[in-house]
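> Sequence:
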Amino acid sequence: MDKKDCQLLMALQRDCRQSIGELADKVALSSSACHRRIKLLEEDGIIKGYVAQIDGKKVGYSIEFFVEVSLASQHQHALKEFEEAVRHVPEILECHLMTGHSDYILRVSALDTVDYERLYRDRIAQLPGVSRIQSSLVLRTVTQGAGYVVKPDR
Numbered sequence: 001m002d003k004k005d006c007q008l009l010m011a012l013q014r015d016c017r018q019s020i021g022e023l024a025d026k027v028a029l030s031s032s033a034c035h036r037r038i039k040l041l042e043e044d045g046i047i048k049g050y051v052a053q054i055d056g057k058k059v060g061y062s063i064e065f066f067v068e069v070s071l072a073s074q075h076q077h078a079l080k081e082f083e084e085a086v087r088h089v090p091e092i093l094e095c096h097l098m099t100g101h102s103d104y105i106l107r108v109s110a111l112d113t114v115d116y117e118r119l120y121r122d123r124i125a126q127l128p129g130v131s132r133i134q135s136s137l138v139l140r141t142v143t144q145g146a147g148y149v150v151k152p153d154r
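Per the working numbering, residue 1 is the first one in the sequence shown, and the count goes up by one each step.
If you are wondering where the hints come from, they were derived from the structure by calculation, not from laboratory data. Note that CB positions come from ideal geometry on N, CA and C, so glycine has one too. Be a bit skeptical, because a hint or two may be false.
To be verified - Below are the EDC-like pairs computed for lysine to aspartate or glutamate, each with C-alpha atoms no more than 20 Å apart in a straight line:
(1) 39 <-> 55
(2) 4 <-> 43
(3) 151 <-> 42
(4) 4 <-> 44
(5) 151 <-> 68
(6) 57 <-> 91
(7) 57 <-> 5
(8) 39 <-> 68
(9) 3 <-> 55
(10) 58 <-> 5
(11) 57 <-> 83
(12) 26 <-> 64
(13) 151 <-> 55
(14) 4 <-> 42
(15) 151 <-> 5
(16) 48 <-> 94
(17) 39 <-> 22
(18) 39 <-> 91
(19) 48 <-> 2
(20) 80 <-> 94
(21) 26 <-> 55
(22) 57 <-> 115
(23) 48 <-> 68
(24) 80 <-> 68
(25) 58 <-> 25
(26) 48 <-> 5
(27) 57 <-> 112
(28) 151 <-> 122
(29) 58 <-> 91
(30) 39 <-> 5
(31) 3 <-> 153
(32) 48 <-> 81
Unchecked claim - Derived DEER-like restraints, expressed as beta-carbon distance ranges:
(33) 149 <-> 42: 16 to 26 Å
(34) 20 <-> 53: 18 to 28 Å
(35) 17 <-> 122: 29 to 39 Å
(36) 18 <-> 136: 35 to 45 Å
(37) 20 <-> 66: 16 to 26 Å
(38) 59 <-> 13: 19 to 29 Å
(39) 97 <-> 48: 13 to 23 Å
(40) 44 <-> 144: 24 to 34 Å
Construct all of the structure, not just a fragment, from the sequences and the given hints.
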């Protein structure tokens, strides 16, 4: 990746709805060169997709939790089984395999505390292999989705 690719990636992270022409102007490329570079970044898997960021509170999800999960076994089949089950719980926004005292950290959205209790009891605690759960309520999100700092030749 060169400097132009990095500039394109940074601009797309800020606003992926810009036209090719707008992006080309920002990074001093022709529209066709800009389009070609973006296609290559997509084909190389550097750009994984384009999404709309939704304000959860405005669609009814008033709270979020970070949930630390430990499994009874860390064997490959136990991890795969847990990860496959997590994919079927839409309220689990993110799932990260971790080092440290917990195996996974989940980011979970809920309508309210009653809804979270239901999720905890009926979905999260029922995930395969779970031996320990520790939940932390998000009081306020300070920064979110700022994107990666992209530099040439990394």
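> With reference to the structure, classify each hint as holding or not holding.
Against the structure, the hints:
Restraint check for residue 39 and residue 55: not satisfied, since their Cα atoms lie roughly 29 Å apart, outside the 20 Å limit. Distance check on the hinted pair: residue 4 and residue 43 sit about 17 Å apart at the alpha-carbon level, within 20 Å; holds. With a CA separation close to 17 Å, the supplied pair residue 151 and residue 42 stays within the 20 Å bound. For the hint pairing residue 4 with residue 44, the CA-to-CA distance comes to about 16 Å; that is within 20 Å, so the pair holds.
A distance of roughly 33 Å separates the Cα atoms of residue 151 and residue 68; the hinted pair therefore is violated under the 20 Å criterion. Between residue 57 and residue 91, the direct Cα distance comes to roughly 14 Å. Compliance with the 20 Å bound is thereby established for this hinted pair. Pair hint residue 57 plus residue 5 does not hold up; C-alpha atoms about 35 Å apart against a cutoff of 20 Å. Distance hint between residue 39 and residue 68 is unfulfilled; the C-alpha atoms sit about 38 Å from each other, more than 20 Å.
Our distance criterion of 20 Å between C-alpha atoms is broken by residue 3 and residue 55, whose separation comes to about 33 Å. Taking the CA atoms of residue 58 and residue 5, the gap is near 35 Å; set against the 20 Å cutoff, the hint is violated. Restraint check: the Cα-Cα separation between residue 57 and residue 83 comes to about 27 Å, which exceeds 20 Å; the hinted pair is violated. About 36 Å separates the Cα atoms of residue 26 and residue 64, which puts this hinted pair outside 20 Å; it is violated.
Distance restraint check for residue 151 and residue 55: the Cα-Cα separation of roughly 30 Å exceeds the 20 Å cut-off, and the hinted pair is therefore not satisfied. Under the criterion of a C-alpha separation no larger than 20 Å, the hint pairing residue 4 with residue 42 is consistent with the structure, at around 15 Å. Restraint check for residue 151 and residue 5: the C-alpha separation of about 9 Å stays at or below 20 Å, so the hint holds. Among the hinted pairs, residue 48 with residue 94 is consistent with the structure: their alpha-carbon atoms are about 16 Å apart, no more than 20 Å.
A C-alpha spacing of about 16 Å is found between residue 39 and residue 22, which places the hinted pair at or below 20 Å, so the restraint holds. At most 20 Å may separate the alpha-carbon atoms for a hinted pair to count; residue 39 and residue 91 exceed this at roughly 32 Å. The suggested pairing of residue 48 with residue 2 holds, with an alpha-carbon distance near 19 Å, which does not exceed 20 Å. Taken as a hint, the residue 80 and residue 94 pair is honoured in the structure, with Cα atoms around 16 Å apart against an allowance of 20 Å.
Our distance criterion of 20 Å between C-alpha atoms is broken by residue 26 and residue 55, whose separation comes to about 28 Å. For the hint linking residue 57 to residue 115, the alpha-carbon distance of about 14 Å falls within 20 Å, and the restraint holds. For the suggested pair residue 48 and residue 68, the alpha carbons sit about 27 Å apart, so the restraint of at most 20 Å is broken. Restraint check for residue 80 and residue 68: the C-alpha separation of about 17 Å stays at or below 20 Å, so the hint holds.
For the given pair, residue 58 sits about 34 Å from residue 25 by alpha-carbon distance, which is inconsistent with the 20 Å threshold. A distance of roughly 15 Å separates the Cα atoms of residue 48 and residue 5; the hinted pair therefore holds under the 20 Å criterion. Pair hint residue 57 plus residue 112 holds up; C-alpha atoms about 11 Å apart against a cutoff of 20 Å. Among the hinted pairs, residue 151 with residue 122 is inconsistent with the structure: their alpha-carbon atoms are about 44 Å apart, more than 20 Å.
A distance of roughly 16 Å separates the Cα atoms of residue 58 and residue 91; the hinted pair therefore holds under the 20 Å criterion. Annotation: proposed proximity of residue 39 to residue 5 holds, straight-line Cα distance about 11 Å (limit 20 Å). Distance hint between residue 3 and residue 153 is fulfilled; the C-alpha atoms sit about 9 Å from each other, no more than 20 Å. For the hint pairing residue 48 with residue 81, the CA-to-CA distance comes to about 25 Å; that exceeds 20 Å, so the pair is violated.
Taking 16 to 26 Å as the suggested C-beta distance range, the pair residue 149 and residue 42 conforms, at roughly 20 Å. Between residue 20 and residue 53 the Cβ separation comes to about 22 Å, which falls inside the hinted range of 18 to 28 Å. Range check, residue 17 to residue 122: about 38 Å between beta-carbon atoms, so the 29 to 39 Å window is met. Under the hint 35 to 45 Å, the C-beta atoms of residue 18 and residue 136, about 36 Å apart, fit the expected range.
Look at residue 20 against residue 66: about 38 Å separates their beta carbons, and that is not inside 16 to 26 Å. Between residue 59 and residue 13 the C-beta distance comes to about 23 Å, which sits within the given range of 19 to 29 Å. At roughly 18 Å, the beta carbons of residue 97 and residue 48 sit within the given window of 13 to 23 Å. Our hint of 24 to 34 Å for residue 44 and residue 144 holds, since their Cβ atoms are close to 26 Å apart.
The earlier numbered hints that this structure contradicts are 1, 5, 7, 8, 9, 10, 11, 12, 13, 18, 21, 23, 25, 28, 32 and 37.
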